Amino acid sequence: MSQWNPLRWPLYAQIFAGILLGVIAGLISGDTAELIAGVTYDSIYDYIGTLFLNALKMLIVPLIATSIISGVAGLGGPGTLGRLGGKTVLYYLATSTIAVLVGLTVVNLVKPGILNGVAVGGLLDFETNSELVASRVAGAEGGVAEVFLRMFPPNIVRAAAEGQMLGVIVFCILFGYFISQLVKERRQQVTSFVQACFEAMMGVTRFVMRFAPIGVFGLVASVVADVGLGAARPLVVFSITVLAALAIHFLVVMPLILLFVARVNPLRQYRAMAPALLTAFSTASSSATLPITMRCVEDNAKVSSRTTGFVLPLGATVNMDGTALYECVAVMFIAQAYGLEIGFGVQFTIVFAALLTSIGVAGVPAASFVAIAVILGAVGLPVEAIGVLFVFDRILDMSRTAVNVFGDSCGAVTIARLEGESGVLGEASRQRGRDEE
Numbered sequence: 068m069s070q071w072n073p074l075r076w077p078l079y080a081q082i083f084a085g086i087l088l089g090v091i092a093g094l095i096s097g098d099t100a101e102l103i104a105g106v107t108y109d110s111i112y113d114y115i116g117t118l119f120l121n122a123l124k125m126l127i128v129p130l131i132a133t134s135i136i137s138g139v140a141g142l143g144g145p146g147t148l149g150r151l152g153g154k155t156v157l158y159y160l161a162t163s164t165i166a167v168l169v170g171l172t173v174v175n176l177v178k179p180g181i182l183n184g185v186a187v188g189g190l191l192d193f194e195t196n197s198e199l200v201a202s203r204v205a206g207a208e209g210g211v212a213e214v215f216l217r218m219f220p221p222n223i224v225r226a227a228a229e230g231q232m233l234g235v236i237v238f239c240i241l242f243g244y245f246i247s248q249l250v251k252e253r254r255q256q257v258t259s260f261v262q263a264c265f266e267a268m269m270g271v272t273r274f275v276m277r278f279a280p281i282g283v284f285g286l287v288a289s290v291v292a293d294v295g296l297g298a299a300r301p302l303v304v305f306s307i308t309v310l311a312a313l314a315i316h317f318l319v320v321m322p323l324i325l326l327f328v329a330r331v332n333p334l335r336q337y338r339a340m341a342p343a344l345l346t347a348f349s350t351a352s353s354s355a356t357l358p359i360t361m362r363c364v365e366d367n368a369k370v371s372s373r374t375t376g377f378v379l380p381l382g383a384t385v386n387m388d389g390t391a392l393y394e395c396v397a398v399m400f401i402a403q404a405y406g407l408e409i410g411f412g413v414q415f416t417i418v419f420a421a422l423l424t425s426i427g428v429a430g431v432p433a434a435s436f437v438a439i440a441v442i443l444g445a446v447g448l449p450v451e452a453i454g455v456l457f458v459f460d461r462i463l464d465m466s467r468t469a470v471n472v473f474g475d476s477c478g479a480v481t482i483a484r485l486e487g488e489s490g491v492l493g494e495a496s497r498q499r500g501r502d503e504e
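So the number in my numbering is just where the residue sits in the sequence shown, counting from 1, plus 67.
Hint data in this document are derived by calculation from the structure and do not stem from the laboratory. None of these values were measured; they are calculated from a predicted model. Here a beta-carbon is modelled for each residue, glycine too, at the ideal position from N, C-alpha and C. It is possible that some hints are incorrect.
[Unchecked claim] Now the in silico label distances, taken between C-beta atoms and shown as ranges:
| # | residue 1 | residue 2 | range |
| --- | --- | --- | --- |
| 1 | Phe-260 | Pro-380 | 20 to 26 Å |
| 2 | Ala-263 | Leu-94 | 42 to 48 Å |
| 3 | Ala-263 | Ile-95 | 52 to 58 Å |
| 4 | Phe-83 | Pro-358 | 24 to 30 Å |
| 5 | Ala-311 | Ser-259 | 40 to 46 Å |
[What the hints assert, rightly or not] Result set (DSBU-like, lysine-lysine): computed pairs, CA atoms no more than 30 Å apart in a straight line:
| # | residue 1 | residue 2 |
| --- | --- | --- |
| 6 | Lys-154 | Lys-369 |
| 7 | Lys-369 | Lys-251 |
| 8 | Lys-178 | Lys-124 |
Please put together the full structure from these sequences, using the hints given.
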């Protein structure tokens, strides 16, 4: 009977249970039924959901700061990266940027936040005044030049307190980089301290996420109690939009990179990585999949252990194509749901922030929601809106994790080919045979 103890279920199963119970509770109680005089069930649901969101928002600044500083500083001292490291970092930046642009294009074409010409914010029970939100976003517009000004706030503490995370992110990158330039002894001391802080924040995040089933129950029950099941349709369209964008990156962009940059057969890469992709999809954890990813890349794709040992662990930390794409689509969906026309300046901010926030924290449970909260704050959108994204997140999390892992493996293959390794996916040896003929 112990297997039926919900406390022993995996976290995703508990969240699924919270969603289901939230739907049932919301439908039964509606928005007027009272638990005691003057206290409605709906207000209790809302309180539970708000408490969980507040806990998530509490994590934003320390988690983002420690993860980015730790990731950048951990790249090593002056000259450590060398040629292999330079190619790897450039590849990861390029593919993550392409992924974000794919997501931005698809969400602008599909417009999942608009249903029959009307913004779906009402269906999703977005309570914040749309005009107030529009004024905040307008204040974040200002064109690309204004975006660069916000990247360098005059008071970094005030920027963090006011949720101006773009400047905090840039400061953390600079701070991490100059830690890596310190002499070895001091660099190790500071890096160890920051890494310890990051690990502690991961522990706090895991602790908060243990309450995710309860928080999700409150968020879902509150929405269903207010608007019934009308919120399901726009969320289904949003999920399909995310999956379509992920599929384009997985089935079109990455094969083209393998074909024209690495000059290998993409079908061979899919076959080589099948075990890792299935593991990534089932566990929704790129970190847990890393040992299998490394084995597949070395044994099946025939990439050297030198390249595999450097490229894949780094990629598991900084290369999150699927996560960056999802963050971009999610923020644009929320903006559309509020009926906002997002200009180039704000879209540039979203792309830039999605690229940066996908670095370093994506292996942490619910890191996508922390990162989405950062981007929402950067462009003036209410952080509370992320609550509706929990409903279909598990399948989206599984899908974007598979894309993350495949992107890492393609990076290893591409870098290996650019480094002149022979026998990668059998292509180099076949090419030598044709040359000899």
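Hint-by-hint comparison with the structure:
no.: 1; hint: Phe-260 with Pro-380: 20 to 26 Å; verdict: 21 Å, holds
no.: 2; hint: Ala-263 with Leu-94: 42 to 48 Å; verdict: 47 Å, holds
no.: 3; hint: Ala-263 with Ile-95: 52 to 58 Å; verdict: 47 Å, violated
no.: 4; hint: Phe-83 with Pro-358: 24 to 30 Å; verdict: 27 Å, holds
no.: 5; hint: Ala-311 with Ser-259: 40 to 46 Å; verdict: 43 Å, holds
no.: 6; hint: Lys-154 with Lys-369; verdict: 19 Å, holds
no.: 7; hint: Lys-369 with Lys-251; verdict: 34 Å, violated
no.: 8; hint: Lys-178 with Lys-124; verdict: 27 Å, holds
Hint compliance for this structure: hints 3 and 7 are not met, and every other hint is.
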